[in-house]
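Student: Residue numbers (UniProt numbering), protein chains in the order written: chain A, 1 to 324; chain B, 1 to 443.
Quick caveat, the hints were computed from the structure, so don't treat them as lab data.
Watch out, some of these pointers could steer you wrong.
Computed beta-carbon distance windows for the label pairs [what the hints assert, rightly or not]:
#	chain 1	residue 1	chain 2	residue 2	range
1	A	R227	B	A303	51 to 61 Å
2	A	Y161	B	A188	49 to 59 Å
3	A	A42	B	G153	49 to 59 Å
Partial list, computed: chain A residues near chain B (C-beta under 10 Å) [to be verified]:
#	residue
4	T79
5	G82
6	L83
7	T87
8	A148
9	L151
10	V154
11	Y161
12	P241
13	F244
14	D275
15	H276
16	V291
Heads up, the beta-carbon is just placed ideally off N, CA and C, and yes, glycines get one too.
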Amino acid sequence: MSDETVLLSPASSPATGRDAGGRRQVWRSRRYRWDLRLSPYAFVAPFFLFFTAFGLFPLLYTGWAALHQVELTDPGAMTWVGLRNFTRLWDDAFFWNALRNTVTIGLLSTVPQLLIALCLAHLLNYRLRGSAFFRVAVLTPYATSVAAATLVFVLLFGRDYGMVNWALSTVGFGPVDWQNGTLASQVAVSTIVVWRWTGYNALIYLAAMQAVPGDLYESAALDGASRWQQFRHVTVPALRPTIFFTCVVSTIGATQLFGEPLLFNGGSGATGGSDHQFQTLGLYLYEQGWVNLHLGRASAIAWAMFLMLLLVAGAVRLVRGGPR
Amino acid sequence: MRARSRPSSPAPLGALAVAAAAALLLAGCSQDPADPPGQGGAGSGKATTTLTVGVFGAFGLKEAGLYDEYMAQNPGVRIEQTSIERNENYYPQLLTHLGTGSGLADVQAVEVNNIAEITATQADKLVDLGRAPGVDKAAYLPWKWAQGTAKNGATVALGTDIGPQGICYRKDLFAAAGLPTDRAAVGALWAGDWNKYLETGKAYKAKAGDGKAFVDSASGVMAAVTGGSAQRFYDDQGKVAYKTNPAVRGAFDLAARFASEGLSAKLQQFTPAWDQGFSNGNFATVSCPAWMLGYIQDKAGPAGKDKWDVAAAPKPSNWGGSFLVVPKAGKHAQEAAKLAAWLTAPAQQAKLFEKRGSFPSASAAYRLPTVAGAHHAYFGDAPIGEIFARAAEGVPVTVLGPKDLVIAQNLADVGMLQVDQKGRSAQEGWDAAVAAIDNALDQ
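Using the sequences and the accompanying hints, generate a full structural model.
Tutor: Dropping the structure here:
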């Protein structure tokens with residue numbers, strides 16, 4: 001076979017040379033067109049492949065699993081139950097409790113977090129010595145692992161030997177049971193979130209502030225605006241898109257809050273306290289799926305959370321009057 | 001089995017030599033290259049087989065040097081361990097891996113609260129270790145053996161340790177409250193009845209005053225009491241029956257009285273606050289399974305030395321313990337079965353007890369001097385081998401069920417914790433626990 005080709009090739013190539021050249025040119029231009037048309041797809045393909053494998057498929061499969069009774073002991077055996085996993089959420093006291101907790105902890109953490117971040121950014125925006133140091137310092141909590149931070153906070157918020165209670169006692173307040181009080185535990189969990197995320201938001205605000213043109217401040221100052229008035233009437237309006245962005249991101253984060261309440265329990269399961277007083281939706285989902293081993297029910301909770309985020313997004317869009 | 005069938009020579013060098021011989025023989029039988037037919041690998045081995053062992057927490061096998069010993073005896077085998085800190089994270093992962101048949105270690109550990117679910121739902125994916133070479137059914141406590149055996153008769157899990165309980169107590173606090181400090185006299189205070197333990201607590205509190213608690217937590221008492229009854233959360237037919245089982249409700253109500261009488265330090269076990277409670281010495285007693293002694297020693301620290309002692313519990317009871325299983329999907333299932341058999345053999349269990357305090361589930365090990373004659377220096381040189389062996393042999397065969405962990409956890413961390421820490425009544429706590437368990441069991 002190989003002998004034949006060797007023998008044939010010198011004879012055949014001159015005869016077909018011109019044809020081959022033309023064909024090559026056609027081929028080349030075709031390839032060029034393909035390259036032009038297809039290579040963008042090839043460049044974005046990795047993203048879409050990964051998104052399909054790790055984003056879209058899990059999302060759809062979770063939706064499919066939510067319509068079944070599935071146990072982690074045998075994930076292959078799925079029994080169709082229709083919408084039962086969703087309808088049962090209506091009378092699931094634990095679900096509503098978790099939803100309430102998610103909302104209150106979300107408010108308790110997001111509002112102070114963004115306000116403090118705004119103030120911090122405003123302070124960092126001043127010309128000050130060692131500003132790089134402060135900017136890095138503000139970001140360090142964000143770089144700390146949730147687990148490490150939460151474990152330290154568990155000690156700080158200890159009932160018997162915690163530093164917070166010790167500090168309270170020096171100003172004459174009785175010891176607070178940070179684990180068991182409903183509001184107390186939610187404040188404690190929120191504190192961890194605020195501590196971790198304030199610096200991150202502050203840097204985002206700072207970046208936006210530095211993009212505000214200086215002449216706006218100049219003319220405001222000429223008009224006799226005080227520092228506070230400049231902040232209210234120049235900085236904040238200029239920051240509106242950024243504030244909206246951080247609100248969205250923080251809301252998503254608050255909805256999915258999981259690590260802090262899980263570890264705040266001192267490592268004793270996903271109940272979120274003896275009375276489920278700081279069990280968030282994320283934690284309840286985890287408890288159903290990985291403690292009680294009911295994957296179907298957990299999937300339904302996951303989808304309910306997703307739908308709720310869509311609802312919130314829709315409501316915000318309505319309030320803000322159309323898409324931006 | 002093989003160890004016994006061999007003619008044993010008289011041991012002129014005394015008990016120690018017998019132990020050494022037993023260890024050698026037991027080790028020898030699992031090392032015997034003739035044992036697995038058609039598999040010359042391990043003994044004659046040029047080719048290296050790597051076996052992985054998946055465990056949770058500080059399981060102790062590696063720490064006690066057992067892997068090194070096995071590798072020294074079997075030059076063709078290398079053992080690697082992967083460990084996940086908490087069983088709550090380890091167990092779901094194990095289930096997922098068993099479901100997909102990938103990602104599994106050759107040998108996997110299983111906690112006792114999960115063993116019923118494993119034998120009920122995963123038995124077909126596990127090797128029958130009851131027939132593995134070197135496994136001697138007679139060497140194990142019958143109930144531990146039964147717990148690892150599936151309905152079809154296959155013993156898919158071999159017991160490692162068990163958790164026979166004693167009561168650890170502070171001698172200095174007992175003396176200050178005018179109670180006896182000698183462990184025999186202390187054990188006699190409550191022998192045979194958990195109510196006497198409560199009465200002792202009241203007497204202690206009357207003398208010691210309000211600041212000092214008698215027990216660490218109410219749920220610790222509940223776990224200890226329920227661990228002593230044959231039926232807990234399931235009945236003989238395998239149905240969930242904790243709601244109507246007087247033993248469970250009785251244990252719940254008794255433990256709740258420790259809270260309502262103000263005898264509890266209101267701590268939650270295995271939390272940082274509990275650890276601090278040990279080092280600050282603000283409770284006088286704690287129900288302690290054998291494996292907890294090391295934990296107490298760590299947390300109470302050098303300052304607690306000569307203060308702690310251990311006495312017999314009112315009734316024999318068990319808390320915790322583990323098993324080893326070998327998934328069929330593993331590449332070296334046969335070699336892994338040999339390793340699991342060796343690791344759980346009496347001689348190795350004795351070593352685990354000696355080094356780590358995990359009490360053997362192989363009753364044959366109780367006769368070995370390292371177990372029978374074991375004393376714990378930290379606990380006033382208490383004869384822990386003797387105390388825990390007696391507790392272990394008095395433990396009834398507990399009826400286990402697949403959802404033991406979920407039920408036990410909610411009774412403790414929801415129901416009893418509300419009573420203990422939030423001051424709710426026993427009835428309120430019970431109702432909250434039942435609601436949580438009903439929700440958890442509903443598929």
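Student: Are the hints correct? Go through all of them and say.
Tutor: Hints, verified against the model:
no., hint, in the structure
1, A/R227 x B/A303: 51 to 61 Å, "holds, 56 Å"
2, A/Y161 x B/A188: 49 to 59 Å, "violated, 35 Å"
3, A/A42 x B/G153: 49 to 59 Å, "holds, 58 Å"
4, T79, "holds, 9 Å"
5, G82, "violated, 15 Å"
6, L83, "violated, 16 Å"
7, T87, "violated, 13 Å"
8, A148, "violated, 13 Å"
9, L151, "holds, 7 Å"
10, V154, "holds, 6 Å"
11, Y161, "holds, 5 Å"
12, P241, "violated, 41 Å"
13, F244, "violated, 37 Å"
14, D275, "holds, 6 Å"
15, H276, "holds, 8 Å"
16, V291, "holds, 7 Å"
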